[in-house]
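There are 2 protein chains.
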Amino acid sequence: TDICGLPQGAAAVARGIARLFRRNQIWVAPEIALPNGRRADLMGLDSRGAIVIVEIKVSRADLLGDAKWPEYLDHCDRFYWGLPPSLDAALVQSPAFLPDTTGLIIADAYDAEIVRPAATRPLAPARRKSETARLACLALRRLNLLHDPAAPGEPY
Amino acid sequence: TDICGLPQGAAAVARGIARLFRRNQIWVAPEIALPNGRRADLMGLDSRGAIVIVEIKVSRADLLGDAKWPEYLDHCDRFYWGLPPSLDAALVQSPAFLPDTTGLIIADAYDAEIVRPAATRPLAPARRKSETARLACLALRRLNLLHDPAAPGEPY
Chain A
22 TDICGLPQGA AAVARGIARL FRRNQIWVAP EIALPNGRRA DLMGLDSRGA
72 IVIVEIKVSR ADLLGDAKWP EYLDHCDRFY WGLPPSLDAA LVQSPAFLPD
122 TTGLIIADAY DAEIVRPAAT RPLAPARRKS ETARLACLAL RRLNLLHDPA
172 APGEPY
Chain B
22 TDICGLPQGA AAVARGIARL FRRNQIWVAP EIALPNGRRA DLMGLDSRGA
72 IVIVEIKVSR ADLLGDAKWP EYLDHCDRFY WGLPPSLDAA LVQSPAFLPD
122 TTGLIIADAY DAEIVRPAAT RPLAPARRKS ETARLACLAL RRLNLLHDPA
172 APGEPY
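Sequences listed follow chains A and B, in order. Every position in the first sequence, counted from 1, becomes a number in full-length UniProt numbering once 21 is added. Every position in the second sequence, counted from 1, becomes a number in full-length UniProt numbering once 21 is added.
Next up, chain A with everything else stripped away, as it sits in the complex (with noise of 0.2 Å):
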């Protein structure tokens, strides 16, 4: 794992995804934790305020295997799924990742590639505000903490 939490490849498929967000004024972080007790591999918000959640697979096992990604949908505006170039993505055309619903990302670690758009899916007005709001303190909290780090023992 590196610093950000995540296994190395995917890591890796976060920063291209990130980088390719970026470009289009969508901004996100590695590892948010959601209430339902998840974490969103990469979680942010477009420049209209739309939640973007991307939940990335880098192995055959790793996706086939996850029954429980239709949480996320919940928590989200949209939700992609980023997958390395090595993996087939005609996986996720399978009726179980819904199609309709969810956009498909192909990255690398230096750039990535929307092959599928997400549809939007809009979340009630209530929710959006209180993930928005979470958000927004999760990013303010690893800024400061990464400023002025914690001492030991203190709780942050």
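Any given hint might turn out to be false.
One copy or any two copies: either way a pair holds, since identical chains are not told apart in the list.
Claimed, not checked - Straight-line distance between alpha carbons at most 25 Å, and here's what the computed SDA-like set of lysine to any residue pairs gives:
1) Lys-150 to Ala-54
2) Lys-150 to Arg-162
3) Lys-150 to Leu-55
4) Lys-150 to Pro-56
5) Lys-89 to Gln-114
6) Lys-89 to Ser-151
7) Lys-150 to Arg-60
8) Lys-89 to Val-136
9) Lys-89 to Arg-142
10) Lys-150 to Arg-43
11) Lys-150 to Ala-71
Calculated directly from the structure, the hints in this document are not laboratory data.
Once you've looked at the hints, dock chain B against the given chain A.
For chain B alone, kept in the frame of chain A given last:
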């Protein structure tokens, strides 16, 4: 100026205030640009989603010469003055500094104390929503660029 863009004295006060705040689940970042063209010295969110701005003044001239600070009130639910112990705190008791509205925090580089609480003047929900999303994007952007700096010429 330090890496955050704040002058040394102000950066010290900012760090102390951010430490006080994080103990209270308030997360702020320095130098946050506002839509009106001004920059808040510290701006962030508390755990209930209320927006907090701190304007740091480290000299008497700096404090007395700022006629535009009331513009900040339109972008936060609570506003504080942040002063070092060396500056006479009685200055911000004057009616010009709206002592019934603005709070006062005295801080050094290591810690801070709220000497006068800030009144809560709730923003209109639409304004709080847009400010929260802006804060989230700014913080996510700074985090992203720290972890993966832009190449020379990239316009982030």
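Results of checking the hints against the structure:
| no. | hint | in the structure |
| --- | --- | --- |
| 1 | Lys-150 to Ala-54 | both (16 Å within a copy, 21 Å between copies) |
| 2 | Lys-150 to Arg-162 | both (18 Å within a copy, 19 Å between copies) |
| 3 | Lys-150 to Leu-55 | both (14 Å within a copy, 20 Å between copies) |
| 4 | Lys-150 to Pro-56 | both (13 Å within a copy, 20 Å between copies) |
| 5 | Lys-89 to Gln-114 | within (18 Å within a copy, 56 Å between copies) |
| 6 | Lys-89 to Ser-151 | within (22 Å within a copy, 32 Å between copies) |
| 7 | Lys-150 to Arg-60 | both (19 Å within a copy, 24 Å between copies) |
| 8 | Lys-89 to Val-136 | within (23 Å within a copy, 49 Å between copies) |
| 9 | Lys-89 to Arg-142 | within (18 Å within a copy, 42 Å between copies) |
| 10 | Lys-150 to Arg-43 | both (22 Å within a copy, 22 Å between copies) |
| 11 | Lys-150 to Ala-71 | both (10 Å within a copy, 12 Å between copies) |
Hint compliance for this structure: every hint is met.
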